[in-house]
Amino acid sequence: DAKTTQPPSMDCAEGRAANLPCNHSTISGNEYVYWYRQIHSQGPQYIIHGLKNNETNEMASLIITEDRKSSTLILPHATLRDTAVYYCIVTPDYGGSQGNLIFGKGTKLSVKP
Amino acid sequence: DVKVTQSSRYLVKRTGEKVFLECVQDMDHENMFWYRQDPGLGLRLIYFSYDVKMKEKGDIPEGYSVSREKKERFSLILESASTNQTSMYLCASSLAGALSGEQYFGPGTRLTVT
Chain A
1 DAKTTQPPSM
11 DCAEGRAANL
21 PCNHSTISGN
31 EYVYWYRQIH
41 SQGPQYIIHG
51 LKNNETNEMA
61 SLIITEDRKS
71 STLILPHATL
81 RDTAVYYCIV
91 TPDYGGSQGN
101 LIFGKGTKLS
111 VKP
Chain B
1 DVKVTQSSRY
11 LVKRTGEKVF
21 LECVQDMDHE
31 NMFWYRQDPG
41 LGLRLIYFSY
51 DVKMKEKGDI
61 PEGYSVSREK
71 KERFSLILES
81 ASTNQTSMYL
91 CASSLAGALS
101 GEQYFGPGTR
111 LTVT
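Each protein sequence line maps, in turn, to chains A and B. As numbered in our numbering, residues 1 to 113 make up the first sequence, in order. As numbered in our numbering, residues 1 to 114 make up the second sequence, in order.
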């Protein structure tokens, strides 16, 4: 079972920031938070990950609360192409040789013009 | 950019047929994975491989086998396809030294078994 809880759907206006929340209240100390997205009929796409600190890359920012029980993925200027299902995943690091990603139901983000 | 390609986007096969799904990655990744994705069930790991000729069972290996003869290629084989194997099949790869959650997926193969 997924260890995360996400709202089933969200809307966002094009050009505005999309803030996607994720609850992972049972996260363990050695578990990372990952975000993926899946555009309709395509494979999942890795976005970003973090352990304790906030992270930013060219796609998004990840804000993790100090107690690590929740996080928020921020798409700073959402476009229509960001419409997708966004998955928040919590998993330990198995040293790279394993890594079974447990995808929950995710949040369907709809970016509207 | 990492590129993971799968041999077909859509495939229709008959019950009892032997089915080969091919996956190729071009980034010299050591690890490769096969998942299936079904509505309401999310992604489920079928098999993974962390080196050439090595394979490990995932959560649902029954009815499937795999082959990794070359580093860049990981094949999923359905020995005798059944209707309950109708699904979206996703291949992924990752670097051995990377965090295990950072995987790169192909576009998927939607297999229908009639």
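It is worth saying that the hints were derived from the structure and are not from the lab. Please note that the accuracy of each hint is not assured.
Unchecked claim - Think about it this way: if two alpha-carbon atoms lie no more than 27 Å apart in a straight line, the pair counts; the simulated DSSO-like pairs of lysine-lysine are:
id: 1; chain 1: A; residue 1: 3; chain 2: A; residue 2: 52
id: 2; chain 1: B; residue 1: 53; chain 2: B; residue 2: 71
id: 3; chain 1: A; residue 1: 112; chain 2: A; residue 2: 69
id: 4; chain 1: B; residue 1: 18; chain 2: B; residue 2: 57
id: 5; chain 1: A; residue 1: 52; chain 2: A; residue 2: 112
id: 6; chain 1: A; residue 1: 105; chain 2: B; residue 2: 3
id: 7; chain 1: B; residue 1: 53; chain 2: B; residue 2: 18
id: 8; chain 1: A; residue 1: 3; chain 2: B; residue 2: 57
id: 9; chain 1: A; residue 1: 3; chain 2: A; residue 2: 108
id: 10; chain 1: B; residue 1: 18; chain 2: A; residue 2: 108
id: 11; chain 1: B; residue 1: 57; chain 2: B; residue 2: 71
id: 12; chain 1: B; residue 1: 71; chain 2: A; residue 2: 105
Now for the hints, and whether the structure bears them out:
Only pairs whose Cα atoms come within 27 Å are accepted, and residue 3 of chain A paired with residue 52 of chain A is accepted, the gap being roughly 17 Å. For the hint pairing residue 53 of chain B with residue 71 of chain B, the CA-to-CA distance comes to about 9 Å; that is within 27 Å, so the pair holds. Between residue 112 of chain A and residue 69 of chain A the alpha-carbon distance is near 30 Å, which puts this suggested pair outside the 27 Å criterion. The straight-line distance between the Cα atoms of residue 18 of chain B and residue 57 of chain B is roughly 20 Å, inside the 27 Å bound, and the hint therefore holds.
As the CA atoms of residue 52 of chain A and residue 112 of chain A are separated by approximately 32 Å, the hinted pair breaks the 27 Å bound. Restraint check for residue 105 of chain A and residue 3 of chain B: satisfied, since their Cα atoms lie roughly 26 Å apart, inside the 27 Å limit. Pair hint residue 53 of chain B plus residue 18 of chain B holds up; C-alpha atoms about 21 Å apart against a cutoff of 27 Å. At roughly 22 Å between alpha-carbon atoms, residue 3 of chain A and residue 57 of chain B fall within 27 Å of each other, so this suggested pair holds.
About 18 Å separates the Cα atoms of residue 3 of chain A and residue 108 of chain A, which keeps this hinted pair within 27 Å; it holds. A distance of roughly 36 Å separates the Cα atoms of residue 18 of chain B and residue 108 of chain A; the hinted pair therefore is violated under the 27 Å criterion. A hinted pair counts as satisfied when its Cα atoms are at most 27 Å apart, and residue 57 of chain B with residue 71 of chain B qualifies at roughly 18 Å. A distance of roughly 32 Å separates the Cα atoms of residue 71 of chain B and residue 105 of chain A; the hinted pair therefore is violated under the 27 Å criterion.
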